[in-house]
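Protein chains in written order, with our numbering: chain A, 11 to 102; chain B, 11 to 102; chain C, 11 to 102; chain D, 11 to 102.
Just so you know, not all the hints are guaranteed correct.
Since copy identity is lost for identical chains, a pair holds within one copy or between any two.
[To be verified] With a straight-line cut-off of 16 angstroms between C-alpha atoms, the simulated EDC-like cross-links for lysine to aspartate or glutamate are:
no.: 1; residue 1: 60; residue 2: 99
no.: 2; residue 1: 60; residue 2: 101
no.: 3; residue 1: 36; residue 2: 50
no.: 4; residue 1: 36; residue 2: 19
no.: 5; residue 1: 100; residue 2: 47
no.: 6; residue 1: 36; residue 2: 17
no.: 7; residue 1: 36; residue 2: 47
FYI, nobody ran anything at the bench for these hints, they're computed from the structure.
There are 4 protein chains.
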Amino acid sequence: MPISDADRDDITSRLSRIEGQIQGLKRMVEEDRYCGDILDQIHSVQQALKSVGRAITRNHLETCVTEAIRSGDESAAQESYDEIIGLLEKEL
Amino acid sequence: MPISDADRDDITSRLSRIEGQIQGLKRMVEEDRYCGDILDQIHSVQQALKSVGRAITRNHLETCVTEAIRSGDESAAQESYDEIIGLLEKEL
Amino acid sequence: MPISDADRDDITSRLSRIEGQIQGLKRMVEEDRYCGDILDQIHSVQQALKSVGRAITRNHLETCVTEAIRSGDESAAQESYDEIIGLLEKEL
Amino acid sequence: MPISDADRDDITSRLSRIEGQIQGLKRMVEEDRYCGDILDQIHSVQQALKSVGRAITRNHLETCVTEAIRSGDESAAQESYDEIIGLLEKEL
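Looking at chain A on its own, in the form it has when it is part of the complex (with noise of 0.2 angstroms):
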């Protein structure tokens, strides 16, 4: 990166809740709970895994980002660009 240590800790303690409603998924299934609160669930991580690629984003951008389009160095602006646009293709 680098990430200043409180977003570090702030990234990780998400991931870890994250991990936890993983094994909350694991145990709806094992129970064979109903379908669409399974769903509703996924739909949950998937909204707090995006939350937290929003966050390394845009450190990304303050940081890597700002570096390579500062630098004067037009191949690495041009790969900067291409980075944001990959971002867009994949719905991070």
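Dock chains B, C and D against the given chain A, drawing on the hints supplied.
Just chains B, C and D now, with coordinates in the frame of chain A:
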């Protein structure tokens, strides 16, 4: 659901793999790995979750939704349609 | 389909509005308007198209899909499930 | 923007093709064509619009965003980051 034993085992083992991927993500963040790589890994988890969601959705269509539509109970059928539209809206 | 006359009129008038939005987009591009505004307008068209897609999907569920599932023909039902999963995959 | 003449021509001709696709969609609805085919056509238009959105986004990154980040004006840079995150949120 009801979900078959084989499907349930498949889904829980996929969720265990996803759990492992989340743990891998935490390590990547803690080790300050390149953002682009972390974002790629988040994308992989999203795809894996979508794929689990599709498997559960298919099971749901084959069981609950089919039953609701065949029951002849119009309001049960309408609820199923709403649920499917809801899945589209959540981009599950 | 078959689609009711009222629904058909609603959908064609929505498509006419979308056509107007596309013409507006062309003007914005020709007049060198701010990219951010153009992108917002593209997003509006996407939402309007999604909404038309949902209306057609709902009609499809209420007619063809229901018929296929009620027919008792297992392969017709399976095709309907495939089609719904396909819509999810296309994020329609 | 500013957008180059070549890019502007490319984008407006793509938008004209999309306009034609929308007119085709209206005809399909009026002629009561199979829903599945109409939904496929809607999906094609969505993809074509996404592709126009990507082209405009790339131009935006190369011009406005690059300028904002290079200006040294921190709040202008932050606005650009917000805008990119906004594009991800809109799944443009």
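Okay, the hints, checked on the actual structure:
1. In the homo-oligomer, the alpha carbons of residue 60 and residue 99 lie at most 16 angstroms apart both inside one protomer (14 angstroms) and across protomers (9 angstroms), since each shortest distance falls under that limit.
2. Proximity of residue 60 to residue 101 under the C-alpha cut-off of 16 angstroms is found in both arrangements, the shortest distances being 9 angstroms within a copy and 11 angstroms between copies.
3. Taking identical chains as interchangeable, the C-alpha atoms of residue 36 and residue 50 lie at most 16 angstroms apart only when both belong to the same chain, with a minimum of 14 angstroms there against 24 angstroms between chains.
4. Taking the shortest Cα distances, residue 36 and residue 19 sit within 16 angstroms of each other only across copies (10 angstroms), while inside one copy they are farther apart (26 angstroms).
5. With identical chains, the CA atoms of residue 100 and residue 47 are at most 16 angstroms apart between copies only, with a shortest distance of 13 angstroms across copies and 26 angstroms within one.
6. When the C-alpha separation of residue 36 and residue 17 is checked against a cutoff of 16 angstroms, the pair qualifies only between copies, where the shortest distance is 13 angstroms, while the shortest distance within a copy is 29 angstroms.
7. Within a single copy, residue 36 and residue 47 get their C-alpha atoms as close as 13 angstroms, which meets the 16 angstroms cut-off; across copies the closest is 27 angstroms, which misses it.
In this structure, every one of the numbered hints holds.
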